[in-house]
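*Asks:* Residues per chain, in single letters:
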Amino acid sequence: MKTFELHLPKTLDEALALLEAPAATPLAGGQDLLTELKEHLVAPDALVDLRGFQGADKIELAADGALSIGAGVTVAALEHHAELARRWPILAEAAASIASPQIRTQATVGGNLCQRPRCWYYRNEALVCLKKGGTECFSYGGHNKYNAILGGGPSYIVHPSDLAPALVALDAEVEIASKKAARRRVKLASFFTLPAEGDVLRENVLVPGELVTAVHVPAHAGNWKSTYLKFKERSSFDWALSAVAIAARMDGGKIAEVRVVLGGVAPRPWRASGAERVLTGRAVDDAVAREAGDAALAGAEPLSGNAYKIPLTKGLIVKALRRIGGRA
Amino acid sequence: MILREQSPQDEPKTPPAPGKKWQRVTVAENGQEVEKWIEVDAASAEGWPERAKMRLLNQDITRVDGPAKVTGAAQYAHDMRAPRMVYARFLRCPKPAAKIEKISLEAAAKMPRVVTAVSLGVEETRFLGQPIAVVAAETPDAAEEALRAIEVAYGALPWVLTHEQAVAENAPIAVKRKLKEGEKPGNRVDERKSGDRDAVRAAIEAAPHKVEFTYTLPVQHHACLETHGVMVDFRGGGEAVVHASTQGTFTVHDDAAEKLGLPAAKVRANVQYMGGGFGSKFGLGVEGEWACELARRLGRPVHLLLTRADEFLFAGNRSGAVQKLAGAMAADGTLLALDAEVDKLGGVSRGSFPGQPYIYKVGQSSSAIRYVYTNTDGARAMRGPGHPQASFGIESLIDELAYLAGQDLLEVRKKNLEDKVYHRQLERVAREIGWYEHPHRAKPGAHTEELGVGIGFAISTWGGGGSPACQVDVRIQRDGSATVTCGTQDLGTGTRTYMATIVAELLGLPATAVEARIGSSEYGAANPSGGSTTVASLAPAVLEAALGARAKLYAALAPALKTKPEALSLDVEGLLDAASGKRMSWKQLCALLPSEGLSARGEWKQAHAGRGVHGAQAAKVEVDTLTGRVRVLKMVGIHDCGIPMNRLTLKSQINGGMIQALSYALLEERVLEPALGAALNADFEGYKIAGTLEMPELVPLVDDDDTRQVVMGMSEAAIIPGHSAIANAVHNACGLRVRDLPITPDKVLMGLEKLRTQS
Ligand SMILES: Cc1cc2nc3c(=O)[nH]c(=O)nc-3n(C[C@H](O)[C@H](O)[C@H](O)COP(=O)(O)OP(=O)(O)OC[C@H]3O[C@@H](n4cnc5c(N)ncnc54)[C@H](O)[C@@H]3O)c2cc1C
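Heads up: the protein sequence lines correspond to chains A and B, in order.
All residue numbers for the first sequence refer to the numbering used here, where the first residue is 15 and numbers rise by one.
All residue numbers for the second sequence refer to the numbering used here, where the first residue is 415 and numbers rise by one.
It is possible that part of the hints are untrue.
Below, simulated DMTMM-like cross-link-like pairs (lysine to aspartate or glutamate); rule was C-alpha separation at most 20 Å, straight line [as the list claims (entries may be wrong)]: (1) 246/A <-> 1108/B; (2) 16/A <-> 460/B; (3) 246/A <-> 833/B; (4) 16/A <-> 558/B; (5) 52/A <-> 1099/B; (6) 246/A <-> 1083/B; (7) 1161/B <-> 315/A.
What the hints contain is simulated information worked out from the structure, not anything from laboratory work.
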């Protein structure tokens, strides 16, 4: 890999100052970035290692369900937080579904949200695809089994993060810091961008110099149930072929309010508003769940090799709703 | 049964030498089994101990080198280091075929810590990822970085990557070859034909139950944990050691010596531990050749072990197969006819395929076996070369026909198998998997159920015989230490362990009391480990050496004890003199030996080895029709092999075979990009191998009904049937037949959608 300068700042402010330099890149757990470096997908002049201060990052959970997670919290810490697992099983389940135990001990929440796509055309250095400044998304006419069925075009990547759909289902916001501007908070749902909307070379609204510092989940009054159901081609460790994140406020046997977010099927976490409309105010059995699945996938536009993601995602919605309803 | 080309069926006409007889033996050539007739001793005095009296053989013995492996003390070729050693890396051609018009190495050679950059002198590359230059540097990183500074001007050449591209009209020619008279140019080449196709087709037409389908198997990778390569410890003097990751200690050092410009006697191959080969690691290879060449030029040790991407692109693979099978069955389940058209996909080589019908007896059959060239690296032997492919075709077809005929899937197999060993093995696995209580024995489960459970069967065959070559030395010293030595290699199968065990069994010692020394070309000769021939080639020689040492021991001690050698025997309590009833401990008796101790050499004896391995496996799966998930719940395997040298490692071989087959059934597949000429999953992220969570309950059964008092190798038989059993179990669970492996959720879901719209 190209030689680079490694900075080891001790504070966030120091890091933000260092990140002002062009082509300075933040380094957290390194589980994605180091691979990108070694495979020559990126060649930054400087790395700014965040771990000098991220070690202090915490998970803070309030009685009303409000939650703050520092960007440096590891995926393993999310997975093993007992109280969190009771209050928001969706997060523990999402965390546990990620990569391997070894990787989870290093990978951070901030890095997980900001990781780059896994599309095998993108990851092959020799293929200069749209995501790398080329003119074509090779998956479109190629091996697109793992690519998007929703929100695709002109790039058909799927967003790789499992934490993202789970956190969007909890209506989370990200806190963003930079040297130039005041801290800002952005809804995670609008943090991620579609290739057609924004810069096709990026997956989110961050601009150089900015850092994700925390994720905040607002208070959730009432009886909330949540779950993350991820389907991997290889159970042992793999990315999602499809995933369903659901958070629902229950009123007796009925769903009073619900957020349904799909992972692994779109370039960003995909809010399935159609399914939410079907479910709201209903007691959920398999028939209603199938109706919700149909609504969620109504707009799907599969490529040549990924139409299976439609029945798959519908199936996962049925299974996830059984968990929400305590039927599985 | 199995088509083996050029295998002489009849005994040679010339009479054998006095005291000898003709014996048909199996030898491994490039991982393939080849059969030959040789002269062997007509009678053998002593053989394997009676099974009832075995203390160590036919028991569960943990590997003697297990602790070294799990603690990391075991040194593999990858781990070898030497002073002033350089690391070498290959530059791969990024195109499936290209003219190398110009290659500029200067910039690379001038980079920091780079020692040299060399062109391999390739003018035209023939396959994707072919190595074209090599760099040596003080660190691996520096070598890798330097590769990027090599400038190559590639001239365009046409190419084909996939079967579809290769067989298309006017496809570019992947491999240039001499055409036979009247032969049209093309990538598909006829290899062999059998049977009267028209007659077979007519028989199929007339039969009550018939099917015609194409069964496809992907290219699979060996995925050895240790990549291919060597560390050549040459320091510019008159001798060298080649630390090699190889399946044949004696397959590297001659070529290495030549490359190093040294006499063969001055070059030693060292193979203490090797991290998997599965048929892909014979000979020096391009990596070993260049390591030696660089070492000679630099006068320095060279570490050249392939990167994982190299490994995926040019270290061999199991050939893919496209089999068009048409078959027919009578109402009573008898297989009437089979016509097979088989394309092997072996890249720039031919690939393997034993033939159809595989094992089963079919009324009449015809086949055309062809190979199809593509611009990908050549297939190599891989555990049971060709057999898993043939198994998948025939076992799938049998189930499809059996369902049409309403036949029990187990009974229909027995009906079409003459060899009764299969009957008992099939019944055994059927009992163990719960077949007789299973609801879908002649009709698959319904695709309308959310969860379906299915069972599938498949069988295998293998030779597993041995051949001469091994020279084994057993040495006993005055302090009681015992060693058994041979230059052979241990592929992880437990070779060291059974060498020690055999000697310990005969001398009345615990297995740990005998030290096995292997993996050096300075020790006695040994054959390479291919075709599951190691145990049947080596164990007889170990037995002979142990018998010889024991006889010498008796002869040496008898005078001192004032008894006859015939009166002496050894067991766990030491020596017993039957004449006097006196006993002596091992330590005491060894102390009576002369200072040089004693040693005996053993060579292969046919009488101790056998051949003819069978096997049956059953798989039970659960199919989730909502998600397309296939979960293997249980696999059962049984394979006969004469005397189990070690029941534990035997069961490990069966488990390993079933695990590799599971992975082949559900996940593994090389993915190429035909439009761009690229490989998409030359890494362990995209090339998915089953992990811990995929593991079912594994039940390896030792076939104790096989009472042959000989040794044979069964390892390859264990990988042949598992994926076929799984594919059959998927069909049995939900009525969906997936005819191209791997059976991934996308195929299951789309297949189920189709079934739904059809019904
Ligand atoms: C084999 C493997 C399998 C995996 N499987 C999964 C999976 O199934 N699901 C899943 O969700 N993930 C998976 N991952 C991804 C893994 O979880 C991520 O690599 C990890 O979360 C990234 O975190 P990190 O802290 O290591 O980030 P790094 O690798 O350090 O950084 C990743 C990217 O984010 C940027 N970045 C890091 N922190 C910040 C920040 N605070 N603000 C702004 N930008 C930042 C970096 O500059 C870099 O571009 C897998 C990874 C591997 C290697």
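*Asks:* Each of the hints needs a verdict: does it hold here or not?
*Replies:* For each hint, the structure was consulted:
1. 246/A <-> 1108/B: Distance ~11 Å between residue 246/A and residue 1108/B Cα, so the pair holds.
2. 16/A <-> 460/B: violated, 67 Å
3. 246/A <-> 833/B: Violated, because 42 Å separates the two Cα atoms, which is more than 20 Å.
4. 16/A <-> 558/B: holds, 11 Å
5. 52/A <-> 1099/B: Measuring from Cα to Cα gives roughly 15 Å; hence the hint holds.
6. 246/A <-> 1083/B: holds, 16 Å
7. 1161/B <-> 315/A: holds, 18 Å
Checked against the numbered hints listed earlier, the structure breaks hints 2 and 3; every other hint is satisfied.
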